[in-house]
Amino acid sequence: MTAVIQPTDLRAYLHGLPGVDKVGAEQRAAMLGTRSIKTTSKRAALDLAIRMVDLTTLEGADTPGKVRALCAKARHPGGDAPAVAAVCVYPSMVPVAAEALRGSGIHVASVATAFPSGQAPLPIKLADTRAAVRDGADEIDMVINRGAFLSGRYDQVFEEIVAVKEACGEAHLKVILETGELATYDNVRRASWLAMLAGGDFIKTSTGKVQPAATPAVTLVMLEAVRDFRAATGRIVGVKPAGGIRTAKDAIKYLVLVAETAGETWLDPDLFRFGASTLLNDLLLQRTKMATGRYSGPDYVTLD
Amino acid sequence: MSFFEYAPAPESRSIVDIRSSYGLFIDGSFVDSVDGKTFKSVNPATEEQLAEVVEGSPADVDAAVAAARRAFDTVWGPMSGADRSKYLFRIARLIQERSRELAVLESLDNGKPIREARDVDLPLVAAHFFYYAGWADKLSHAGFGSDPRPLGVAAQVIPWNFPLLMLAWKIAPALACGNTVVLKPAETTPLTALLFAEICQQADLPPGVVNIVTGAGETGRALVEHPGVDKVAFTGSTEVGRAIARSVAGTRKRLTLELGGKAANIVFDDAPIDQAVEGIVNGIFFNQGHVCCAGSRLLVQESVQDSFLDALKRRMSLLRVGDPLDKNTDVGAINSAAQLARIRELSAVGEEEGASRWSPACELPDRGFWFAPTLFTGVSQAHRIAREEIFGPVLSVLTFRTPDEAVEKANNTPYGLSAGIWTEKGSRILAVADRLRAGVVWANTFNKFDPTSPFGGYKESGYGREGGRHGLEAYLA
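Going down the list, the protein sequences come from chains A and B.
For the first sequence, counting from 1, position 257 maps to 1364 in the working numbering; every step adds exactly one.
For the second sequence, counting from 1, position 268 maps to 269 in the working numbering; every step adds exactly one.
Just so you know, these hints were derived from the structure itself, not from any lab.
These figures come from a predicted structure and were not determined experimentally.
Every residue, glycine too, gets a C-beta built ideally from N, C-alpha and C.
Treat the hints with care, since some could be wrong.
Keeping only pairs whose Cα atoms sit at most 30 Å apart, straight-line, the calculated DSS-like set for lysine-lysine is [stated by the list, open to error]:
id, chain 1, residue 1, chain 2, residue 2
1, B, K410, B, K426
2, A, K1145, B, K87
3, B, K328, A, K1356
4, B, K41, A, K1129
5, A, K1129, B, K426
6, A, K1356, B, K449
7, B, K41, B, K314
Coverage of chain B stretches by chain A, computed from C-beta distances (three or more under 8 Å per stretch; other residues unrestricted) [said to hold, decoys possible]:
id, region
8, 4-17
9, 179-191
10, 263-274
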């Protein structure tokens, strides 16, 4: 069953969503952070988390060599660890990544739409998107127009997402809300619904260029949104926290948030991702520790 | 295997050294009972015996009150506030240092989840001692006269739901004000009070300032009726509270009572729904619902009833019931066979009277005392489960149409300990809170405690306040 919700008045619809109590939301996220994940559960969680990583490099200094190295790591993180979900790069690096990942089953994700600020005219954002898809990206991480959102021009944000979704064609669309700039949890909930109503396949917290990036509480609110959106429409939208998740311990806390908020359906690389770069190595270190009982050390994982 | 079936993560019980038997703590040392009667304290999660404890006799109570009197007259009463505060600060620090040990013992003896003992009970216990330690040398600025005096010997009887926290609520303000105490912990949960007695020794607290006399109802009666006590403080059931009030009537003893409750948690249609669901769950399933201020009546606005109950049931299905020492357990064991029988009886009455009963699928352990989180819908004010305190993980759901109706139903109970309001509208919070006859009203949260905040009841929920500056009044003349 897929019921389509097409609000005639977006403002009325988004402002009709239940509010979020900041203290309560943060307490719930903190409480779930106290879950103690041990032994078999920890092993399973570490492997799942590796399979959910969007291995990311988004630097002005990115070069084809750097991207190729990252792709090699994505295919073979180390030992018998599973491959990651995707490699996420700027549009100019998409051809390199697509070439390096061919046949691996690893997705090529590209940021687009004048990432990270989104401050460009719509035709440029669409051209940015089309170029990335043409060059081989099968996942597009777009940024919403926060300026339009914060000034209440919800229709404009909505229409931009619809247009980008169309430009994506077959590629999956992840909609970056940049929650650090939205500032309130009420805004995070509204932006989540806006992005889902407009057709986004994923909602993503952050670009990684703004602080604070992903936090457990923000992710909690977004997980509640995808859960409720599924109940209302039948469509399942994924969630991607990005930025600031550096340790295996943190990653496991996010998996607990997923399991106890949206539900275990979302414990799937198709529906939950980590946007991260340094996280992978800590997951690998902890994985080795679980297998051998000893910590190896930073020289036993590759630096790319 | 489902990820949500988290692998066992048990807290180690080896951190606490439980003796096979304990004496009474009188005049600074553990002593045997005059007549040698004992009883057992069991782990409600397994029904295993934890230790053998003395059943204090009237002669034991005599000895304890005499020791307290001596300490009051010779040491603690005359001591300066600044010096008393040093002892209290020392006790507070020792509680923090030994908090893991105390938390494990509390969980073992009471059945509460280690997560709650560790993250709620113990931090609050230490905070209470720190808070009242700070008052000890500032009593003349507390608003009770320029030179307020202690009352003397306080007889304190506490319940089994928060054994150590209730001890802290009683002992910390009493000692800060210069009183000495004889405390009787509940018969099913005496062990952390006895460990606290060891902490008093460790802190070099002068002998007789704190005395712990274990036992059941008869011991408690001997204590509160003892002519040598100046003050009685009781937390427990309204029924026992009434009996104590009768026995104290006509004497010079001062009395504070913190009794039962049947709190309404009111959810308006503009509430922050996800947090309200959390708050309702926390309000009634925290500590297995063994909370006098538990939000045992949910009053939900009819216009959001269906979606709210769906969300509540979904959330209840996530509650992890089981081994209290597992760090991931949300709901532990019912404290005793007697309490379990009472919860079962009232739940059966709820069904008989026509309410619909629902519990999430959950496997309960074979041994020990367990009760699944339970929800009753279709409850009206006339049902017994809407009026009587169940003191267990049982939530009765009622509905309302207008704010006036919500207030009327919330207040329509002989109790008046606490209430909760859930709405995003600040003006509504203030307007409704103003009309609720309850000692504590929480807005968009529930079951939050702080040593700086007074706590106590209206109507049959008792009188007197504990906590905060107000809590000093009960121990000063």
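30 Å limit on alpha-carbon distance, applied to hinted pair K328(B) and K1356(A): holds, 16 Å
Chain A over the region 263-274 of chain B, status - at least 3 residues with CB closer than 8 Å: holds (count 4)
Satisfaction of hint between K1129(A) and K41(B), Cα-Cα up to 30 Å: violated, 46 Å
Hint consistency between K1356(A) and K449(B) [alpha-carbon to alpha-carbon, up to 30 Å]: Holds, at about 28 Å.
Hint consistency between K410(B) and K426(B) [alpha-carbon to alpha-carbon, up to 30 Å]: Given that 30 Å is the threshold and the Cα spacing comes to 20 Å, the pair holds.
Hint consistency between K41(B) and K314(B) [alpha-carbon to alpha-carbon, up to 30 Å]: violated, 38 Å
Hint consistency between K1129(A) and K426(B) [alpha-carbon to alpha-carbon, up to 30 Å]: holds, 14 Å
Outcome, coverage of the region 179-191 of chain B by chain A - at least 3 residues whose beta-carbon is closer than 8 Å to one in that chain: violated (count 0)
Proposed proximity, K87(B) with K1145(A) (alpha carbon, max 30 Å): Cα-Cα ~42 Å, so violated.
Within 8 Å of chain A (C-beta), three or more residues of the region 4-17 of chain B: holds (count 7)
Hints 2, 4, 7 and 9 from the earlier list are contradicted by this structure; the remaining hints agree with it.
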